[in-house]
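Chains as they are written, first to last, in UniProt numbering: chain A, 1 to 282; chain B, 1 to 282; chain C, 1 to 282; chain D, 1 to 282.
Because the hints were derived from the structure by calculation, they are not lab data. Certain hints may be false.
In this list, chains with the same sequence are indistinguishable; a pair is considered to hold if it fits within one copy or across any two.
[Said to hold, decoys possible] Result set (BS3-like, lysine-lysine): computed pairs, CA atoms no more than 27 Å apart in a straight line:
1. Lys86 x Lys261
2. Lys152 x Lys277
3. Lys32 x Lys204
4. Lys43 x Lys124
5. Lys19 x Lys71
6. Lys43 x Lys204
7. Lys32 x Lys146
Number of protein chains: 4
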Amino acid sequence: MSIYRLLISCPDAHGLVAKVSQFIFNQEGNIKEAHHHLDEQNKRFFMRIEIESNMACSLEEFKQAFVVLAKQYQMNWQMSDASQLKRILIMGSKSSHCVADLLHRGLENELEGKIVGLLSNHDKLKKIASWYAVDFKKVPINKESKEVDMAKMMNAVDAFAPDVIVLARYMQIIPKSMCEKYAGKIINIHHSFLPSFAGASPYKRAAERGVKLIGATCHYVTSELDEGPIIEQDVLRVNHSDSAQEMQKMGQDIEKITLAKGLQYHLQDRVLTCNNKTVVFN
Amino acid sequence: MSIYRLLISCPDAHGLVAKVSQFIFNQEGNIKEAHHHLDEQNKRFFMRIEIESNMACSLEEFKQAFVVLAKQYQMNWQMSDASQLKRILIMGSKSSHCVADLLHRGLENELEGKIVGLLSNHDKLKKIASWYAVDFKKVPINKESKEVDMAKMMNAVDAFAPDVIVLARYMQIIPKSMCEKYAGKIINIHHSFLPSFAGASPYKRAAERGVKLIGATCHYVTSELDEGPIIEQDVLRVNHSDSAQEMQKMGQDIEKITLAKGLQYHLQDRVLTCNNKTVVFN
Amino acid sequence: MSIYRLLISCPDAHGLVAKVSQFIFNQEGNIKEAHHHLDEQNKRFFMRIEIESNMACSLEEFKQAFVVLAKQYQMNWQMSDASQLKRILIMGSKSSHCVADLLHRGLENELEGKIVGLLSNHDKLKKIASWYAVDFKKVPINKESKEVDMAKMMNAVDAFAPDVIVLARYMQIIPKSMCEKYAGKIINIHHSFLPSFAGASPYKRAAERGVKLIGATCHYVTSELDEGPIIEQDVLRVNHSDSAQEMQKMGQDIEKITLAKGLQYHLQDRVLTCNNKTVVFN
Amino acid sequence: MSIYRLLISCPDAHGLVAKVSQFIFNQEGNIKEAHHHLDEQNKRFFMRIEIESNMACSLEEFKQAFVVLAKQYQMNWQMSDASQLKRILIMGSKSSHCVADLLHRGLENELEGKIVGLLSNHDKLKKIASWYAVDFKKVPINKESKEVDMAKMMNAVDAFAPDVIVLARYMQIIPKSMCEKYAGKIINIHHSFLPSFAGASPYKRAAERGVKLIGATCHYVTSELDEGPIIEQDVLRVNHSDSAQEMQKMGQDIEKITLAKGLQYHLQDRVLTCNNKTVVFN
Numbered sequence: 001m002s003i004y005r006l007l008i009s010c011p012d013a014h015g016l017v018a019k020v021s022q023f024i025f026n027q028e029g030n031i032k033e034a035h036h037h038l039d040e041q042n043k044r045f046f047m048r049i050e051i052e053s054n055m056a057c058s059l060e061e062f063k064q065a066f067v068v069l070a071k072q073y074q075m076n077w078q079m080s081d082a083s084q085l086k087r088i089l090i091m092g093s094k095s096s097h098c099v100a101d102l103l104h105r106g107l108e109n110e111l112e113g114k115i116v117g118l119l120s121n122h123d124k125l126k127k128i129a130s131w132y133a134v135d136f137k138k139v140p141i142n143k144e145s146k147e148v149d150m151a152k153m154m155n156a157v158d159a160f161a162p163d164v165i166v167l168a169r170y171m172q173i174i175p176k177s178m179c180e181k182y183a184g185k186i187i188n189i190h191h192s193f194l195p196s197f198a199g200a201s202p203y204k205r206a207a208e209r210g211v212k213l214i215g216a217t218c219h220y221v222t223s224e225l226d227e228g229p230i231i232e233q234d235v236l237r238v239n240h241s242d243s244a245q246e247m248q249k250m251g252q253d254i255e256k257i258t259l260a261k262g263l264q265y266h267l268q269d270r271v272l273t274c275n276n277k278t279v280v281f282n
Numbered sequence: 001m002s003i004y005r006l007l008i009s010c011p012d013a014h015g016l017v018a019k020v021s022q023f024i025f026n027q028e029g030n031i032k033e034a035h036h037h038l039d040e041q042n043k044r045f046f047m048r049i050e051i052e053s054n055m056a057c058s059l060e061e062f063k064q065a066f067v068v069l070a071k072q073y074q075m076n077w078q079m080s081d082a083s084q085l086k087r088i089l090i091m092g093s094k095s096s097h098c099v100a101d102l103l104h105r106g107l108e109n110e111l112e113g114k115i116v117g118l119l120s121n122h123d124k125l126k127k128i129a130s131w132y133a134v135d136f137k138k139v140p141i142n143k144e145s146k147e148v149d150m151a152k153m154m155n156a157v158d159a160f161a162p163d164v165i166v167l168a169r170y171m172q173i174i175p176k177s178m179c180e181k182y183a184g185k186i187i188n189i190h191h192s193f194l195p196s197f198a199g200a201s202p203y204k205r206a207a208e209r210g211v212k213l214i215g216a217t218c219h220y221v222t223s224e225l226d227e228g229p230i231i232e233q234d235v236l237r238v239n240h241s242d243s244a245q246e247m248q249k250m251g252q253d254i255e256k257i258t259l260a261k262g263l264q265y266h267l268q269d270r271v272l273t274c275n276n277k278t279v280v281f282n
Numbered sequence: 001m002s003i004y005r006l007l008i009s010c011p012d013a014h015g016l017v018a019k020v021s022q023f024i025f026n027q028e029g030n031i032k033e034a035h036h037h038l039d040e041q042n043k044r045f046f047m048r049i050e051i052e053s054n055m056a057c058s059l060e061e062f063k064q065a066f067v068v069l070a071k072q073y074q075m076n077w078q079m080s081d082a083s084q085l086k087r088i089l090i091m092g093s094k095s096s097h098c099v100a101d102l103l104h105r106g107l108e109n110e111l112e113g114k115i116v117g118l119l120s121n122h123d124k125l126k127k128i129a130s131w132y133a134v135d136f137k138k139v140p141i142n143k144e145s146k147e148v149d150m151a152k153m154m155n156a157v158d159a160f161a162p163d164v165i166v167l168a169r170y171m172q173i174i175p176k177s178m179c180e181k182y183a184g185k186i187i188n189i190h191h192s193f194l195p196s197f198a199g200a201s202p203y204k205r206a207a208e209r210g211v212k213l214i215g216a217t218c219h220y221v222t223s224e225l226d227e228g229p230i231i232e233q234d235v236l237r238v239n240h241s242d243s244a245q246e247m248q249k250m251g252q253d254i255e256k257i258t259l260a261k262g263l264q265y266h267l268q269d270r271v272l273t274c275n276n277k278t279v280v281f282n
Numbered sequence: 001m002s003i004y005r006l007l008i009s010c011p012d013a014h015g016l017v018a019k020v021s022q023f024i025f026n027q028e029g030n031i032k033e034a035h036h037h038l039d040e041q042n043k044r045f046f047m048r049i050e051i052e053s054n055m056a057c058s059l060e061e062f063k064q065a066f067v068v069l070a071k072q073y074q075m076n077w078q079m080s081d082a083s084q085l086k087r088i089l090i091m092g093s094k095s096s097h098c099v100a101d102l103l104h105r106g107l108e109n110e111l112e113g114k115i116v117g118l119l120s121n122h123d124k125l126k127k128i129a130s131w132y133a134v135d136f137k138k139v140p141i142n143k144e145s146k147e148v149d150m151a152k153m154m155n156a157v158d159a160f161a162p163d164v165i166v167l168a169r170y171m172q173i174i175p176k177s178m179c180e181k182y183a184g185k186i187i188n189i190h191h192s193f194l195p196s197f198a199g200a201s202p203y204k205r206a207a208e209r210g211v212k213l214i215g216a217t218c219h220y221v222t223s224e225l226d227e228g229p230i231i232e233q234d235v236l237r238v239n240h241s242d243s244a245q246e247m248q249k250m251g252q253d254i255e256k257i258t259l260a261k262g263l264q265y266h267l268q269d270r271v272l273t274c275n276n277k278t279v280v281f282n
């Protein structure tokens, strides 16, 4: 028994659901979970289907058979086998709260993915990576040699052959070429409720502005800093007695949980994007 | 162009979605929104479909055609026309916050239903009903003549021919016979986070227990007091400085909003029940 | 028995609390509730004390006696009698949700203030004002005659002799001169989680950006649009299926509650400001 | 420069704040942070003061001087030096999420305390304790020899000389004698929003009841199971598609965060108890 996940995005059309579900039925698949969304403004249809299959035909055969329908309806689509865990590369810097939280979830098999490495520009996280028996790779980034260092970093990333890259407070701006190469595969946690306080020092600016809630935003990375499609957000109540430094400490809890949540949605193929927004079928 | 809403609950079976969506396609309907849920424990399947129809055939004809499929899969089902607004009867006592909030939503056409009356055991809400031009009916309930009074109340309820009855802090226990007659059609707001503090004086008991969050619960009424299927819940942070009386005031905001939310789900045919639980497709 | 409220903001100094509480003791006052806050960055101390007094001496005498201490420590301070309810002027436009909610709270004596009037640039809210027996004044604002109209509006405002002005979705930019005249006395509800989406059409922009939470912000009005000190904020979860229009409807609930909460803090003299931020002693 | 923390609970009396703050002033202390609470029902006054002191006199001398005032007003009181970190003993079983989270906070110096040991009835957590260089002690608890085993466990606890004991999903009922010996010093995390679902299998029961929010409760342990004073609570939204098993996974995040928050309040001497309730000055 296999679980296949089918993600579809296409122009809205009459009878789409009927056609797709009939196709699955014909392949002797059973629909275990299904979500639809019609973007009325863009007249675009989104679908996610979990298919329980004891098919004779393999995932590859299933995909080949689906091509006809996909073409007919001009679908962007992907189909994956839930048992094929995605390879996760974590990138961190000195902050450990998100990294430790993800590694622990990995150890306890709570992520539907496999953490294959931790890449950092500092040594600090090496010890914790070794605890969790995760491959650690350090690539320092210096101001003076940034271009060369970033190239090394990208080579190191490629060497891990990641399906998804998690920026767990990496604190460096990702080069445009990497953003494009791994489009839709780099997930960042920003320590503010975007679009408020995009860029540097969000807690400091939140404290200065006197907001009553601070936030964290998990989003896909694009070449526009902190402007990529948002996957998940959360907030935390603060008050006048909380300094920027205290907000930073308090914020760690929503950072780590929001990142883990957004990552899990991605790992379970629950996220589609459209016009810099996400459709999250959870 | 009509919008029909199809709600289905049935034993899980292979090809269900395909069959239903094919049927809709054949009737020249278009699936505008669809939600599914498989209750794995009970092997039961739930579905809600919004169908956009410019069918020649009417709702009645559509329903008749569906009977065959419905029988084959042993479905509990209902199909309704979204333009047929449900008749809402509000029942209140002396508290006005929920009642005023609902009446105002009615006035601003924010409820997908039509408020046809306000029934109370006291005079206090009469004035506000008149403001909103809603029929007011008083049926006093006295301890000494409770049985007779309750019979009068039930007659008054029937006279409004309601599709849904909203207990907006009515404060009287609904007779079993009425619970059964209007099963799945009476919605109550309980002023606690059920199952905590079921029964009387929940804020007093919450204050005594020293909880750090208070809540409100919108649920269907059954003959078991405060034990019916929960539609919606919400909570609010409190602390040691909030007395029971202050909690009661603070709680009014989540009471009115949670009630309005649960009611709206019901009015939009988004709620199915199974084993004293709800499936809410929102 | 009277309740006096003393609000103090001053440079931090050794023995401040001792001096003030000793003074209150000497006046035969009893401290019923007290809050302190030290802004470490600005070395500024904030205090709010509720004093239970069966003093022979009046509020005026108490205030005169306090002047010596106040001067010594360079205090900004105010002392008020809790039984002297503030005069509230509501300003609205066409949206009714905040206005109706405030009027209803007024009717039920849930606001520690007295609503003395409703001023609007449209007729729509006239009926609801009459229901609640609140003085209604219409001052139309036209693009062509904005300056003259605004002058009329300000005259109308002055005529109500308000202690606090509540912009309940008034939708017009308040002239600078009025902002200054009523500095710290005009409270606005902005329909976004500021600083995100300051200015016009916040729900539309929130939907376009694809945020996962929408918000509302209650703040003091200054001459810088949507930049005044924030009193209270709240958020609400949304997802991809919620259009800008639906967000607008959903947002009404947090708008009305956040506004009422922020207003109540102000009415209870719980808010001090410092450097465009608030200290809220709740 | 030292920070002393003074916690007071006593019958309400005229001039209390003045007397205490005058005393501190006389000892050349400076009040850095102060919170008061008057429990009107029980006529009891609660106070927490953070005193910045460059006193010549030590904590001991300060305490001795305070005795006179304390007696006069029948105070329950304690004064501690903030630099004297409390000794934390963590007790766990097989679940690792709370334990790993606490150990990590310990490593990053985010807890105002010192983790001195991890005691468990199983081996599973041994490895993680060794990573964080925390003393691990296993005391198995068998049904057949429970009394003897519990005695061994209590000896092991005593050997760590803990100031506070954290039950991080320990899953065993603490003997009454231990509850009494460490009264007000044992903190538990219960995996439900108490008083709902006290006792065993709360997630299973939450799923059966069909609640729309699940919770976690951090409370002091008393000899009445899950009935001790609540320090902190939080909730998480769930829906019909979340099984008991999924709720259990989702709930881990609020369990670990709520426990850490409640523990931190305790470590910072922010919690007083009264009649099975807490006053939390945060």
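Outcome of the hint check:
1. Taking identical chains as interchangeable, the C-alpha atoms of lysine 86 and lysine 261 lie at most 27 Å apart only when both belong to the same chain, with a minimum of 16 Å there against 34 Å between chains.
2. In this assembly of identical chains, lysine 152 and lysine 277 lie within 27 Å of each other by CA distance neither inside one copy nor across copies; the values are 31 Å within and 45 Å between.
3. For the homomeric pair lysine 32 and lysine 204, the shortest alpha-carbon distance between copies (22 Å) is at most 27 Å, but the shortest distance inside one copy (46 Å) is not.
4. When the C-alpha separation of lysine 43 and lysine 124 is checked against a cutoff of 27 Å, the pair qualifies neither within a copy, at 49 Å, nor between copies, at 36 Å.
5. For the identical chains of this complex, lysine 19 and lysine 71 are neighbours both inside a copy (13 Å) and across copies (23 Å), given an alpha-carbon limit of 27 Å.
6. Taking identical chains as interchangeable, the C-alpha atoms of lysine 43 and lysine 204 lie at most 27 Å apart only when they sit on different chains, with a minimum of 18 Å there against 41 Å within one chain.
7. For the homomeric pair lysine 32 and lysine 146, neither the shortest alpha-carbon distance inside one copy (49 Å) nor that between copies (45 Å) is at most 27 Å.
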